[in-house]
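Protein chains in written order, with full-length UniProt numbering: chain U, 1 to 74; chain H, 1 to 74; chain A, 1 to 74; chain C, 1 to 74; chain P, 1 to 74; chain B, 1 to 74.
All the given hints hold, so there is nothing to weed out.
Residues from chain P shown here face chain C by an in silico Cβ test under 7 Å; the list is partial:
1) Arg-14
2) Ala-18
3) Lys-36
4) Leu-42
Stretch by stretch, here's where chain A covers chain C in the computed footprint (C-beta under 8 Å, at least three residues):
5) 9 to 18
6) 24 to 33
7) 43 to 54
Simulated pairs of lysine to aspartate or glutamate, EDC-like, Cα-Cα distance not exceeding 20 Å:
8) Lys-36/A - Glu-26/A
9) Lys-36/H - Glu-19/H
10) Lys-36/P - Glu-19/U
11) Lys-36/A - Glu-19/H
12) Lys-36/B - Glu-19/C
13) Lys-36/U - Asp-59/H
14) Lys-36/C - Glu-19/B
15) Lys-36/P - Glu-26/P
16) Lys-36/C - Glu-23/B
17) Lys-36/A - Glu-23/A
18) Lys-36/C - Glu-37/H
19) Lys-36/B - Glu-23/B
20) Lys-36/U - Glu-37/A
21) Lys-36/B - Glu-37/P
22) Lys-36/H - Glu-23/H
23) Lys-36/B - Glu-19/B
24) Lys-36/H - Glu-23/A
25) Lys-36/A - Asp-59/P
26) Lys-36/U - Glu-23/U
27) Lys-36/P - Glu-23/P
28) Lys-36/U - Glu-26/U
These aren't lab readings, by the way, just hints derived from the structure by calculation. All residues carry an ideal CB built from backbone N, CA and C; glycine is no exception.
6 protein chains.
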Amino acid sequence: MPVITVDWWRGNDRAARAELVAELTESASRIAGCPKEAVTVLVRDVAHDHWGMGGTLADELVAPPPARPRPSGT
Amino acid sequence: MPVITVDWWRGNDRAARAELVAELTESASRIAGCPKEAVTVLVRDVAHDHWGMGGTLADELVAPPPARPRPSGT
Amino acid sequence: MPVITVDWWRGNDRAARAELVAELTESASRIAGCPKEAVTVLVRDVAHDHWGMGGTLADELVAPPPARPRPSGT
Amino acid sequence: MPVITVDWWRGNDRAARAELVAELTESASRIAGCPKEAVTVLVRDVAHDHWGMGGTLADELVAPPPARPRPSGT
Amino acid sequence: MPVITVDWWRGNDRAARAELVAELTESASRIAGCPKEAVTVLVRDVAHDHWGMGGTLADELVAPPPARPRPSGT
Amino acid sequence: MPVITVDWWRGNDRAARAELVAELTESASRIAGCPKEAVTVLVRDVAHDHWGMGGTLADELVAPPPARPRPSGT
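Start from the sequences and build out the full structure, keeping to the hints where you can.
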């Protein structure tokens, strides 16, 4: 039943997403008292130059991760 | 007035999106009693390896659609 | 798998929500080619004075529905 | 065309929402080059004890506004 | 930096939300490699009769929690 | 504290996003009475053929911007 969305900066690889999904699902299902199969997690990679922090695009504040083949993310 | 978002797995083509938008708009406008022009539908294609189901990324559970030129999805 | 959210004006009753959920689920499951059980629909009632249209709060543009016991909406 | 959502702490009154909607709409329509009528803004009041900051619910970090008749927010 | 939203059924109390926020924040900050202070978690309680599962409103499928004073949820 | 998301049509460049983030942050922080550093803005570029208006995909209604190297958007 819980639907969880995570918006975070692009640059995290599949292993990081897998770890995140496993941990958030475990926590949510235990706390909500529902089976893990009921938990959906959507991970959205957001480019630094699409994320505003304090009025500035994050690519001005933080060096984006080195360019690499675009992960099959949205 | 209704704003509808649809997060679903990447792999559906434009024809599927057009059909989805037409049907969801028709239902929402009729039920809400508002003109179709008032209805917005945002379709988000989510890669299988960004979608967690039961604590696992969906690309481990379901074979993603065959690779093809990336649709002009978000 | 599809997760659908609907933001619409407060004032629609349970019967309207049930009709909306049934129709959106039927359309999405058929078009996405997944079982209905895989479809989640979240319906969010938004008060007119929390909805901006053209720069104005909607309660200035449209008479909100007559006051009644607050539905068990979010 | 732009759809803007604002999640902020509960406690802002209608005048604040009206001012927010007017300003965000003006900015978005000018920058996107679309008429104001095309801009939708959804304002979500979130109770402090439903907002996590640094791992803690915000009502532990910030005194919520004085109790008053619940605004007709979602 | 990560912004996490959790939509789950109404009925979980403040202690459950505090536990959820603490755990999701710890996981996200460790995996993303960012300080906990950078993590925002928004918890949305959704009434069973606003949550569609398999085309049916959840209050037909699951007995909602016993009525109690409405938590200060959104 | 405010978290703002903007879904708008793909085609706006980085300068437009930077201007949007600066203005929305300034408005939200002033109206909410919080520091700019507390405001997060997520900008989502949505392709015209993923945006439904009045039941039709927007690429049928509006000529999408000329093809150019895909911006580093989500």
